[in-house]
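*Asks:* Now for the letters of each chain:
Number of protein chains: 2
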Amino acid sequence: MKTHKVTFYPDNRVAEVADGESVLTAAIAADVHITATCGGDGSCGKCRVIVDDGAIVTKQTPKISEEDAAKGYVLSCLTSVTSDLKILVPPETRLGIVPEETEEAVAYGRMMTAAEEAESLDAITLDPPVSRLLLKMTPPTLDDNASDTVRLTRALRQAGVTEPVIFKPVALKETAAACREAEWEVTATVRRDPEQALVTMLQPGDQTSRAVALAIDVGTTTVVAKLIDLETKEAVAETSAYNRQISCGEDVISRIVFAQRPGGQARLRELVVDTINEALRRLLAAADMTQDNIVAVYAAGNTIMQHLLLGLNPKYLREEPYIPTATTFPWVRARELGLKLGPRTNLYPLPCVASYLGADIVAGVVAAGIPASEKLSLYIDVGTNGEMVLGNNEYLVSCSCSAGPAFEGGGVKYGMRATFGAIEEVLVDPETYEPTIKTVGGKRPIGICGSGLIDALAEMFEAGVIDAKGKINVDLPTDRTRIGPSGPEYALAAAGDNGADRDIVITEADIDNLMRAKAAVFAAVMVLLDSVSVSLKDIDRFYIAGSFGRHLDAARAVTIGLLPDLPADKFFYIGNGSLWGAHISAVSRDKRAEIAATAARMTYLDLSTNNKFMDGYVAALFLPHTDATLFPSVKTGARA
Amino acid sequence: MKTHKVTFYPDNRVAEVADGESVLTAAIAADVHITATCGGDGSCGKCRVIVDDGAIVTKQTPKISEEDAAKGYVLSCLTSVTSDLKILVPPETRLGIVPEETEEAVAYGRMMTAAEEAESLDAITLDPPVSRLLLKMTPPTLDDNASDTVRLTRALRQAGVTEPVIFKPVALKETAAACREAEWEVTATVRRDPEQALVTMLQPGDQTSRAVALAIDVGTTTVVAKLIDLETKEAVAETSAYNRQISCGEDVISRIVFAQRPGGQARLRELVVDTINEALRRLLAAADMTQDNIVAVYAAGNTIMQHLLLGLNPKYLREEPYIPTATTFPWVRARELGLKLGPRTNLYPLPCVASYLGADIVAGVVAAGIPASEKLSLYIDVGTNGEMVLGNNEYLVSCSCSAGPAFEGGGVKYGMRATFGAIEEVLVDPETYEPTIKTVGGKRPIGICGSGLIDALAEMFEAGVIDAKGKINVDLPTDRTRIGPSGPEYALAAAGDNGADRDIVITEADIDNLMRAKAAVFAAVMVLLDSVSVSLKDIDRFYIAGSFGRHLDAARAVTIGLLPDLPADKFFYIGNGSLWGAHISAVSRDKRAEIAATAARMTYLDLSTNNKFMDGYVAALFLPHTDATLFPSVKTGARA
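Sequence lines, in order, name chains E and P.
Numbered as in my numbering, the first sequence ends at 642 without a single skipped number.
Numbered as in my numbering, the second sequence ends at 642 without a single skipped number.
Take the hints with a grain of salt, since some may be wrong.
Because identical chains cannot be distinguished in the list, a pair is counted as satisfied if it fits within a single copy or across any two copies.
Stated by the list, open to error - Think about it this way: if two alpha-carbon atoms lie no more than 16 angstroms apart in a straight line, the pair counts; the simulated EDC-like pairs of lysine to aspartate or glutamate are:
hint	residue 1	residue 2
1	Lys377	Asp571
2	Lys415	Asp505
3	Lys170	Glu197
4	Lys539	Asp567
5	Lys175	Glu338
6	Lys572	Glu596
7	Lys317	Glu183
Since the hints were made in silico from the structure, they are not lab data.
Bound conformation, chain E alone (with noise of 0.2 angstroms):
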């Protein structure tokens, strides 16, 4: 078989693949991790690379203009290895580096604080799921001889252990040395689920100190770990990085049509497992800690990123009528998975409540204690999916929908994720029409990001630059409004702006998508109140999770229709409410058997077929809703 060595800048990584292989898959072998949000079948056009040297065969694409493909771009997955390669990978197609997560005042709403999250962990009481346990027991003499186990037992019971005591056979066989070694004086570690108290492993002497978990969210985009420490229940460390299956798809969709490739499901294990390992070496880095150190595992995410964490062939998550294998899951050895920890060391994998409904959202809601109140939440995580969940202690309901790629960058010309470079914040002047615009990080502007595009369009539409029905008016006095090649378009930045080096530009099918997906989420919004017959002034409090939470400005948020016309009082956010949830679980049996019990009872709505949902997001393709009376506040052509 004929083969060719494909070397990535500035990485300077190679893959050896074989003629007339995709530059794509060459890039996902040499693990260069490039943006490819339809997962390589040309239909998103972020693979662009630049061919420096070497012979290729690719496919024109209308993602590509001349222009550019006259400087050697093509997109990586039409374009076939027919020679040795040298291809550079610019700055708008690499993966990068996760922002670090700021403590910002936000516009409308409130911020979670540090000090809200010590204080609501001070009120949860120390008691792991899984810990080391000191055993001091009294030597065994002929008037007391009981077994080992027996003995061991007992002290579990005198340090509270009421449940079944079952010894794994390879703790069994470390007994009798480890009781004999230091007198008498055992650590063990314990996994205590409801069912049985599972002895892991026995050493001798006290090894109590320095234990910790690992807590991870397991985002589609985004892994965020964090260690545990098991006797202050705080964070010793935290580090996130981008999931390296974004390779393979940014959305979960696409992983799941990549998935069903030769070896696809496979080597979207190994890739997410690769992102974890390398977030556990940061972490132990970071706590000069080993994997010693770390007593358990549990993890996070979307049921999509479970069942591929897991193995599990998330195939018929897809087909209606969108079954999952399983919600609720065993603990699974970490070793087994791939991730480089003790072979003892166990993973417990969050509860999820539907296919599209997660443990990172069911994690959030019992994070942010909406299951214990008596108050009325609504908990909103959006990304290419809208989840919300709606309830208190007496309900829960909960629904997906799909907002499509729009908020997280895709389908929109140069959208991009909230990384380096990314336009975050945008405002435009209603009396000249010019943009003003603030990137991630202070950097040269290279797209837009989602909270970008939530702003940008607000702005246009509070400027007047376009219309309720999104449409630009090509006819202002400015130069920012045009036709593109794509047809009308704003220009947020021209090249030369803030050191851009190509014009950034927002296209009336970008807004079109934009329309789309924030017409989603407010009617699945509308359909979830209304089937417990309650109404948006019933709603208490309103969460919104996760890092587009984040970024997000409620305010103009409201003003293009995506969110309810709520008081700043009523927005919280707060923050990555999946690694809360798998935090908490870390260090209180009760609250892991909470969102247990979270995810047991809350309903889940399919809206794939529901009337009344397509009838919603019809009325919501409007700035702000054809139904004005929702949205009070929000006034068109004037500043909020």
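Fit chain P to the known structure of chain E by using the hints.
*Replies:* Coordinates of chain P only, in the frame set by chain E:
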């Protein structure tokens, strides 16, 4: 390192060993199973082999007569290999084949018949701890969109499974495909423990037929195994083999000692696993099945056998205060132990009570129905240890005493196991003092087994060949009694009698060993009775278990004072109670639970520091006993 080739005949097996290694080590390496009661320290004199060709270095030993030494006999444990060797293993040294158990009429007491076994099986409701269940489900729809595992759990509930249902990660991976391949008809392999039901395998369609369990009695001497049909509850095949650990010592103490050598513990596990694997191979061939038919394994054995099988160091079972690692055990993966079974097949080690009161006894006590009955029963199993249980549905007390190896042919000059050629029955004519002997299988006599020794002792006592203290009267008018090289002796067979190729004698030293063994067993019985303030006459049933029991003539055992002087209708021979207990565990969750509950409620008396036992032992060093009122039916010098 210099090595030599050692070839063993008649098996024609070869081992390559280092210069200076013992011939016994070479035999173990060559998988030649030879008798070595003491585990290889030169004390038992059983590992006699003939050096046919080659140079050796051997130690002189009184265990080999000068005459035999001249013929090339050496003890393999005391002989170093210093060149290539050819070694002949004579019949008395070979392990041989376990003679088939036959249903024989017994002289005194009653043997459990096959019909009674079938009847007791009929009384048990089929409800195996591990079984294959056919689950028929309705396919999911948008209105009934529960996950696959929820759907399976529902079907399990309909099938009567009430415990919390947990799916093994490996079963989770096959769930989606298994459900859909045969239109929502799935065979689930389910392990039902009191705490939870564990789904270990999912197969599409109906795979429930021909599911069997493997029940094993892991004896110190003999391993007996059955395949149990999980529909009929009956055994479909049975086989037995000597436990290959015998090469490393015949009794549990020498096994524990061997386990402390470098690699010794692992070697012992390997040997018993080899024995089981060979039994398994024969069973599968006999039943025309494969390992896939086996859904679970149930293993009963004494506490040392259970420890060795599970890879637990038995060291502390032998050191005061005699503490086992565990007396209840978790399920273990059969394959992890080395058994040639599928990766999902688990093994359940039946529970023990104390270091010297094992699962074999607990299983047998439940199989005999003692814990459920109002009647007072005594259950006894005699080997190198005498283990006994006294009680009923209200209490159960137990103890064990070291009987020494005499009853299994050890510590006796011509002693051997009850294999082909062993003298098992003896009559002594009180007029002529001439013996009449019967051997196992009617073969040429090569030694004496336990039942033969008891017969001989009783007959010699009743004929006046020995007195109540066990002293041989060498003044009788017969050349059967005489002063031999080791002192007074009685010749059961002279060279030439029945084809014997050597004189087979009982020495006064042999009789001493037997007297000590029978005294210990009887004293233990009396201590047990005394501990709950009952007397011999209160015993309703006296169960004799084990292969020793099967060959024993209880009337003879009464004559020598080994067993108490009870009427014949109180003696019941129940055969392999241990195996029967494993069998009923395999077909009934209730029986498995009853065995666990029985182990938990059984009181164990340690006799090692018991003064009453010491006194009773001394009083019993007499034929039949110093207190003749305990044995009213035994008359000295006259046939009973």
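*Asks:* A separate judgement is required for each hint: does it hold in the structure or not?
*Replies:* Status of the hints after comparison with the structure:
no.	hint	verdict
1	Lys377 to Asp571	within (14 angstroms within a copy, 78 angstroms between copies)
2	Lys415 to Asp505	within (11 angstroms within a copy, 104 angstroms between copies)
3	Lys170 to Glu197	both (15 angstroms within a copy, 15 angstroms between copies)
4	Lys539 to Asp567	within (9 angstroms within a copy, 92 angstroms between copies)
5	Lys175 to Glu338	between (21 angstroms within a copy, 13 angstroms between copies)
6	Lys572 to Glu596	neither (25 angstroms within a copy, 60 angstroms between copies)
7	Lys317 to Glu183	between (52 angstroms within a copy, 14 angstroms between copies)
Checked against the numbered hints above, the structure violates only hint 6.
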